[in-house]
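One line per chain: the protein sequences are Z and A, in this order.
Here the first sequence is numbered in the numbering used here, starting from 2 and rising by one per residue.
Here the second sequence is numbered in the numbering used here, starting from 333 and rising by one per residue.
Keep in mind that the hints were calculated from the coordinates and are not lab data.
The beta-carbon is built from N, C-alpha and C at its ideal position, and this holds for glycine as well.
A portion of the hints provided could be inaccurate.
Stated by the list, open to error - Computed footprint of chain A on chain Z, listed as stretches where at least three residues anywhere in the stretch have a Cβ under 8 Å from a Cβ of chain A: (1) 102 to 113; (2) 164 to 172; (3) 222 to 228.
What the hints assert, rightly or not - In silico DSBU-like links for lysine-lysine, alpha-carbon gap of 30 Å or less: (4) A:540 <-> Z:237; (5) Z:174 <-> A:379; (6) A:379 <-> A:408; (7) Z:79 <-> Z:160; (8) Z:237 <-> A:380; (9) A:475 <-> Z:103; (10) Z:229 <-> A:408; (11) A:502 <-> Z:199; (12) Z:190 <-> A:465; (13) A:386 <-> Z:237; (14) A:340 <-> Z:190; (15) Z:187 <-> A:346; (16) Z:237 <-> A:408; (17) A:373 <-> A:465; (18) Z:174 <-> Z:103; (19) Z:187 <-> A:475; (20) A:465 <-> Z:199.
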Amino acid sequence: MDIDIEDILAELDRDTTAVDESLPSHDEIPSESNTTSHTLLNNSLETGLNNDKNGKRITTTVATDNNLRIVSPELSFKQLMTCWRNERCAPELLPFPHELMKRMMSRIQEQMEYIENISMGFLENDHTHYSDHSPQDRNKLATDDDPVATRMNSNHDSKLPLLCMEAEIERVKFVIRSFIRCRLSKIDKFSLYLRQLKEDDTNIISLDEILSREELEYHERHFLISLKLLNDSVLKYMPTELQAINDTEGSVNMIEEPDWNKFVFIHVVGPPDGNLEKDSSLTTNEFNKYCYSVTIPELKEDVELTINSIYVMRYEVIRDLLKAGKVELI
Amino acid sequence: MYGDLANKLILEAKRTQQLNHKQKHAQLPMYHEDLIRNIIKEVTQLKKNTDFLKDQQEQLQNQEGNDNGLDENVLKCQYFVTLLCMERNKRCLLAYQKLRCDMLDSLAWSNSNSSIMELESNDLSHQEQEYLKEYGELITDLKSGEWADIDLSGSLTPPSDVFIDVRVLKDAGEIQTEYGVFNLIKDSQFFVRQSDVERLIQQGYLQKI
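Full structure from sequences and hints, please.
Right, here's the structure in full:
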């Protein structure tokens, strides 16, 4: 007789290691007690990674709807990559990931300072920068900073970690830069449309949610100066009934909306927490595979989106799934 | 016919667009002041027509009793067509201006403080120069805000190498960058960190090998 003990074994596994399944096991995962205490201290939702006294990296936790989610630097980078890809492929301006960006920015700043501090350690022979410090002072500075720094100090000629860190930070900065530039160009494109959203009170999603503070300001100012240019050079000479820049009554609608029916490539990844049973929108098809079923309204056609497969699909159809993080654009 | 002039303008815009497609740092051709002035003149003419038509309509309405149904319809039609002509002209003018606007934007992003802008300013209309200046300020403000750590106007090609070889194309003497001093002598080569020289490559002093 076969007795299936998989679930009992799984329980045992969870007990001993306390590892979140989505993360590969390495030293960044704190023990359970560590996490909770940190949550209390940090009042959650706080900025990302800190180096504590042991030099061990702690991951902060974010409280969402009373269940705790572990946010490691690695995970937030993954999220950033997803955001970036989605933004680049989607026809509309997606909501700004406020928390994520706040975390990333503070982390970049920390890491840059950290690199600076380490490279100071390399300037041992160069006394121009350090003329007011005694060597002991310098050593202490490095020790206080991080054990890695001291390790580097004792072993100057190995610049590889430093190089890697710099390359890494260049890459992260590139992703964020590209992300923001992409959003800015979309803001330019949909300037009038966004403005219309703002004036429309019946709208579900507010502009503060879609845009960050800087982007709001950029939108506002860029709109004003381009309006001024168009007004001075063209609209001024028009008869009064044609002077509006956002005329929707004329033969051509002057407000450019996102192309909701644009075809995009999607990868169906399934629910973000990986728990297939809990997702109520999931169904199983005849081959016993999990899939989402969506309807294309114009063709009145139902489509099954099986998990882990790739489709070319109208954006409008998968918009809600994208917002829920169940599909990714590629 | 009305609208032909505007068509010419749009063809011009199309050519600018294609020019821009071919080379990366395409120059913005001269602002078509004459053509635009003519179109605007045409619009003023059309506007006069509409005013005249409106007057006529009122007159017709005043002298009731006659069977002026036909005349009224003719007037309505004339009025509507004139309005459409003006709308067409407006559309063309705006399209032309917007295209130039977008090109100015990308120019401002690619090299916000280099010499190309001054070179071109003769070709820009007065309003465009003002716009470019203000947009430049906007970008500077944006860069110095929350996102100061990320150089927003920096390169949009992903960094694949940390260190690169560069060749100096133009003699520029000693140049101070944020990270140190380079002595840029023509035809010399350096092996440097990419992030240090990105700016200089953008400005055309260095060539990446």
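Do the hints match the structure? See the list:
Given a C-beta distance limit of less than 8 Å, the hint that chain A covers the stretch 102 to 113 of chain Z holds, as 4 residues qualify and 3 suffice. By the rule of at least three residues with a Cβ nearer than 8 Å to a Cβ of chain A, the coverage given for the stretch 164 to 172 of chain Z holds, with 5 such residues. Chain A is given as covering the stretch 222 to 228 of chain Z, and this holds because 4 residues of the stretch bring a CB closer than 8 Å to a CB of that chain, at least three being needed. The hinted pair formed by residue 540 (chain A) and residue 237 (chain Z) fails the criterion: a straight-line CA distance of about 48 Å is larger than 30 Å.
Only pairs whose Cα atoms come within 30 Å are accepted, and residue 174 (chain Z) paired with residue 379 (chain A) is rejected, the gap being roughly 54 Å. For a cut-off of 30 Å, the pair hint linking residue 379 (chain A) to residue 408 (chain A) stands: about 15 Å separates their Cα positions. A threshold of 30 Å between alpha carbons decides the hint, and for residue 79 (chain Z) with residue 160 (chain Z) the separation of about 27 Å falls inside it, so the pair holds. Simply put, residue 237 (chain Z) and residue 380 (chain A) have alpha-carbon atoms about 16 Å apart, close enough for the 30 Å limit, and the pair holds.
A C-alpha spacing of about 16 Å is found between residue 475 (chain A) and residue 103 (chain Z), which places the hinted pair at or below 30 Å, so the restraint holds. Among the hinted pairs, residue 229 (chain Z) with residue 408 (chain A) is inconsistent with the structure: their alpha-carbon atoms are about 34 Å apart, more than 30 Å. Restraint check: the Cα-Cα separation between residue 502 (chain A) and residue 199 (chain Z) comes to about 50 Å, which exceeds 30 Å; the hinted pair is violated. A C-alpha spacing of about 20 Å is found between residue 190 (chain Z) and residue 465 (chain A), which places the hinted pair at or below 30 Å, so the restraint holds.
Pair hint residue 386 (chain A) plus residue 237 (chain Z) holds up; C-alpha atoms about 22 Å apart against a cutoff of 30 Å. Of the pairs offered as hints, the one joining residue 340 (chain A) and residue 190 (chain Z) holds, with about 25 Å between alpha carbons and a cut-off of 30 Å not exceeded. Proximity of residue 187 (chain Z) to residue 346 (chain A) is assessed by CA-CA distance (about 22 Å); at most 30 Å being required, the pair is judged to hold. Distance check on the hinted pair: residue 237 (chain Z) and residue 408 (chain A) sit about 26 Å apart at the alpha-carbon level, within 30 Å; holds.
Between residue 373 (chain A) and residue 465 (chain A) the CA atoms are separated by roughly 29 Å; this keeps the pair inside 30 Å, and the hint holds. Distance hint between residue 174 (chain Z) and residue 103 (chain Z) is fulfilled; the C-alpha atoms sit about 14 Å from each other, no more than 30 Å. Proximity of residue 187 (chain Z) to residue 475 (chain A) is assessed by CA-CA distance (about 18 Å); at most 30 Å being required, the pair is judged to hold. About 27 Å separates the Cα atoms of residue 465 (chain A) and residue 199 (chain Z), which keeps this hinted pair within 30 Å; it holds.
Checked against the numbered hints above, the structure violates hints 4, 5, 10, 11; every other hint is satisfied.
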